[in-house]
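**Q** Sequence:
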Amino acid sequence: MKKGFIFDLDGVITDTAKFHYIAWKDLAQSLGITIDEAFNETLKGISRMDSLDKILAYGQRENDFTLAEKEALAQKKNDEYVKLLADLSETDLLPGVHDFLAQAKEHNIPCSIASASKNAPMILEKLGVLDFFGHIVDPETLKKGKPDPEIFIKAAECIGVVPNDAIGFEDAQAGIEGIKAAGMYAVGISATETLAGADLQVTSMTELDIEQLLTI
1 MKKGFIFDLD
11 GVITDTAKFH
21 YIAWKDLAQS
31 LGITIDEAFN
41 ETLKGISRMD
51 SLDKILAYGQ
61 RENDFTLAEK
71 EALAQKKNDE
81 YVKLLADLSE
91 TDLLPGVHDF
101 LAQAKEHNIP
111 CSIASASKNA
121 PMILEKLGVL
131 DFFGHIVDPE
141 TLKKGKPDPE
151 IFIKAAECIG
161 VVPNDAIGFE
171 DAQAGIEGIK
181 AAGMYAVGIS
191 ATETLAGADL
201 QVTSMTELDI
211 EQLLTI
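Counting in our numbering, the sequence shown runs from 1 upward without gaps.
Calculated directly from the structure, the hints in this document are not laboratory data.
Some clues are possibly wrong.
What the hints assert, rightly or not - Calculated pairs, DMTMM-like style, for lysine to aspartate or glutamate (alpha carbon to alpha carbon, straight line, at most 25 Å):
no.: 1; residue 1: K54; residue 2: D138
no.: 2; residue 1: K3; residue 2: D209
no.: 3; residue 1: K126; residue 2: D36
no.: 4; residue 1: K76; residue 2: D87
no.: 5; residue 1: K76; residue 2: E37
no.: 6; residue 1: K18; residue 2: E125
no.: 7; residue 1: K25; residue 2: D92
no.: 8; residue 1: K3; residue 2: E150
no.: 9; residue 1: K105; residue 2: E90
no.: 10; residue 1: K3; residue 2: D131
no.: 11; residue 1: K126; residue 2: D87
no.: 12; residue 1: K144; residue 2: D64
no.: 13; residue 1: K54; residue 2: D64
no.: 14; residue 1: K105; residue 2: D92
no.: 15; residue 1: K144; residue 2: E41
no.: 16; residue 1: K83; residue 2: E41
no.: 17; residue 1: K180; residue 2: E207
no.: 18; residue 1: K54; residue 2: D92
no.: 19; residue 1: K144; residue 2: D79
Everything numeric in this text was worked out from a predicted model, so none of it was measured.
Take the sequences, apply the hints, and build the full model.
**A** Set out below in structure tokens:
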């Protein structure tokens with residue numbers, strides 16, 4: 001029997017990718033760098049500073065800023081992103097998420113969030129699902145980002161579950177790789193790409209049967 005669920009946030013619980021894209025695109029443009037949606041897809045699942053580094057490298061400006069300047073740029077992006085999230089509500093939950101979390105609660109299955117987003121607590125509160133989660137990993141406490149398994153291992157430990165007894169839910173390839181490296185069962189959620197290494201892939205959480213998952 002599986003004993004715990006570990007969730008990514010963006011693309012699994014809700015889809016804030018469009019807001020990330022707008023904020024990154026505006027920041028990049030202010031630096032004379034043009035990015036498109038295809039490039040933005042390469043930023044899925046990685047941290048804010050790693051995303052900034054990829055953008056600067058793409059624009060051949062990776063050596064133009066000090067660490068303090070890069071931290072200020074990342075904060076500028078986040079400030080715009082947070083403003084764009086102002087109207088986020090329960091209607092922005094992805095299909096099947098609320099029902100699945102409610103069923104997990106009924107089965108006394110602890111849940112945690114393993115996301116690179118520093119805004120996860122605020123986003124989950126706006127979505128009305130914060131109380132379903134026993135723990136949210138603070139990305140500031142991590143030494144490495146996805147696909148390193150550290151965030152998933154910590155997410156399981158913090159809800160008292162060994163990784164082998166946990167199921168991870170992800171929409172990004174880096175996340176699936178991290179889940180598997182942690183020794184967990186990996187559920188990939190994507191309607192647009194095949195997530196290599198996922199033990200099960202669905203297009204949305206409406207397709208998941210919690211009873212079947214628990215007995216895997």
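**Q** Does each hint hold? Answer for all of them.
**A** Outcome of the hint check:
1. K54 <-> D138: 22 Å, holds
2. K3 <-> D209: Measuring from Cα to Cα gives roughly 15 Å; hence the hint holds.
3. K126 <-> D36: 28 Å, violated
4. K76 <-> D87: Satisfied, since the Cα-Cα distance of roughly 19 Å is no more than 25 Å.
5. K76 <-> E37: 20 Å, holds
6. K18 <-> E125: OK: K18 and E125 at ~19 Å, within 25 Å.
7. K25 <-> D92: Roughly 22 Å separates the two Cα atoms, so the pair holds.
8. K3 <-> E150: 19 Å, holds
9. K105 <-> E90: 18 Å, holds
10. K3 <-> D131: 18 Å, holds
11. K126 <-> D87: 8 Å, holds
12. K144 <-> D64: 24 Å, holds
13. K54 <-> D64: 13 Å, holds
14. K105 <-> D92: 21 Å, holds
15. K144 <-> E41: Holds - the C-alpha atoms of E41 and K144 are around 20 Å apart, at most 25 Å.
16. K83 <-> E41: Holds - the C-alpha atoms of E41 and K83 are around 22 Å apart, at most 25 Å.
17. K180 <-> E207: The given pair, whose Cα atoms are some 21 Å apart, holds under the 25 Å limit.
18. K54 <-> D92: 28 Å, violated
19. K144 <-> D79: 24 Å, holds
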